[in-house]
Every structure is written in C-alpha cells, then in structure tokens.
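There are 2 protein chains.
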Amino acid sequence: MTRFPHAPDAAALERGPVLAPSFDAEGLVAAILQHASTGEVLMLAWMNEEALARTLETGEAWFFSRSRQALWRKGETSGQVQKVLEVRVDCDQDALLLKVEPQGDGGVCHVGFPRCFYRVVEAGALVEKP
Amino acid sequence: MTRFPHAPDAAALERGPVLAPSFDAEGLVAAILQHASTGEVLMLAWMNEEALARTLETGEAWFFSRSRQALWRKGETSGQVQKVLEVRVDCDQDALLLKVEPQGDGGVCHVGFPRCFYRVVEAGALVEKP
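Which chain is which? The protein sequence lines are A and B, in order.
Numbered per my numbering, the first sequence spans residues 8 to 137.
Numbered per my numbering, the second sequence spans residues 8 to 137.
Since the hints were made in silico from the structure, they are not lab data.
Treat the hints with care, since some could be wrong.
Which copy? The list can't say, so a pair holds if one copy fits it or any two copies do.
[As the list claims (entries may be wrong)] Computed cross-link-like contacts, DMTMM-like style, restricted to lysine to aspartate or glutamate with a CA-CA straight-line distance of at most 25 angstroms:
no. : residue 1 : residue 2
1   : K90       : D101
2   : K90       : E47
3   : K136      : E64
4   : K136      : D99
In this text the structure is predicted, and so the values were computed from the model without any measurement.
All chains, full assembly: derive it from the sequences and hints.
Structure follows, in structure tokens:
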C-alpha cells in the first residue's frame with residue numbers, strides 16, 4: 008500500500024503543496040527531533056511510510072528501527088513518548104524535522120541522557136557534555 | 008583507507024572516548040546542521056569517512072552527495088560555506104550534529120530559502136513557512 012505519492016518533477020518536489028517523501032532504497036526517510044521549547048536537537052531516527060502516516064495521524068512519533076527492522080512507537084516501553092507539535096519537510100523531501108515535547112521523564116535517549124547528542128568531538132576524541 | 012575505527016562493543020560505542028562512526032551500507036552517516044546562533048535546524052546531509060575527516064580538519068562542512076556520488080565542499084559554488092563551531096555525535100554514532108555559522112548569503116538551501124526546512128505539514132499538505 009502506498010500512502011504517499013511521488014513528486015512528478017523537481018518543482019513539485021521542492022515547491023509543491025503535496026507531501027511526497029523521497030523514501031530511500033530501504034523505504035526510509037530521516038527524521039530529526041527538536042525540542043519544541045529549548046530548540047535542542049534531541050535525536051535522529053528513521054521513518055517508513057507507515058511510521059510517517061501514524062505520526063501524522065496520532066500526533067506522536069513513530070519510527071522504523073533499522074536494527075530491529077520493525078515499526079516502533081517511541082516511548083512504548085520507555086515512556087518517552089514524543090508529542091509532535093510540528094512536522095517540517097526539507098527541499099528534496101528526504102528529511103523531516105519534528106518539533107516535539109518529550110513526555111515521560113522528558114528525555115529521548117536509551118543511554119540515560121536527555122538527548123542522544125551528549126558527546127562533543129574535541130581534538131578527535133569524544134567528551135561527554137550533555 | 009580507514010580513517011576511523013570500529014567500536015568493539017556497545018559500551019565503547021555509547022560511552023567511550025573514541026570517535027567510531029557507524030557508517031551504513033553505503034559508507035555514510037547523517038549530519039544535521041544547526042545554526043550556532045539561532046538554534047534553527049538548517050539541513051540534513053550525508054558524510055562518508057573522507058567528508059567527516061575533512062570537516063574535522065578544516066572546520067568547514069564537507070559532505071558526500073548521494074545523488075552525485077561525489078565528495079562535496081558545501082559552498083564551493085554557492086558561497087554558502089558552513090563554518091563548523093562544534094561537532095556532536097549521537098549514542099550509536101550513526102548521526103552527527105554540527106553547530107555552524109553559515110557564510111556567504113547566510114543560507115544553506117539551493118532553493119533560495121535560508122534553511123531547507125521551509126515547509127510545514129498542515130492537514131496533510133505542505134505550506135511554506137520559511
């Protein structure tokens with residue numbers, strides 16, 4: 008079942024009013040989660056058609072796990088449900104930007120930090136700076 | 008030539024001090040560009056080992072173009088060079104977050120908007136809100 012159309016040309020893709028995601032060879036687009044209040048970039052995950060459709064329908068973030076090859080409701084086990092306030096798409100419609108309000112403990116990351124980007128590259132090495 | 012090592016286990020990947028990106032089957036990791044001053048998410052692009060190494064060495068963003076299958080110095084033709092102030096990596100090291108100062112006209116997007124995420128999904132349709 009195809010839920011989203013393909014854009015017929017670059018003009019439709021870049022300036023048209025039709026959501027026509029450019030899913031990759033694995034059927035995925037990248038989705039960036041940004042905290043709606045703080046503006047912090049929280050995590051990057053992947054969506055297939057079903058995950059995107061459910062996200063738009065429910066107002067909560069659904070993803071597709073590449074490692075588990077399974078649809079995944081974020082927060083299902085962790086409680087870190089992501090309430091979606093806004094969904095943006097980029098120029099070539101292969102990336103999404105979601106403004107979210109993290110529920111549960113207010114975080115997104117399974118390691119325990121509030122966001123997944125808790126390490127900075129400094130002189131080639133990683134330093135934890137949550 | 009392999010420039011970056013592989014993490015031997017989950018602990019090294021998630022908490023270790025060694026930058027060991029999890030390049031995908033195409034040899035790429037996702038790189039999110041965030042404006043260092045405004046906090047706006049500007050674009051998402053892809054880096055292979057060479058692009059990441061050059062970015063860290065030069066302090067300017069290099070990418071790998073999936074469509075052109077070529078290394079790409081952002082701004083080479085557009086003037087939209089991206090000065091990199093900080094590079095972060097996520098928990099499983101398959102996504103990077105770059106804090107940047109866009110040079111040139113201050114934008115990143117070939118369509119002409121300051122950022123690539125200039126459209127919002129509203130009731131299933133796309134609305135331009137730069």
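Comparing the hints with the structure gives:
no., hint, in the structure
1, K90 to D101, "both (22 angstroms within a copy, 24 angstroms between copies)"
2, K90 to E47, "both (15 angstroms within a copy, 19 angstroms between copies)"
3, K136 to E64, "between (35 angstroms within a copy, 21 angstroms between copies)"
4, K136 to D99, "between (33 angstroms within a copy, 16 angstroms between copies)"
Violated hints are absent here; each numbered hint is respected by the structure.
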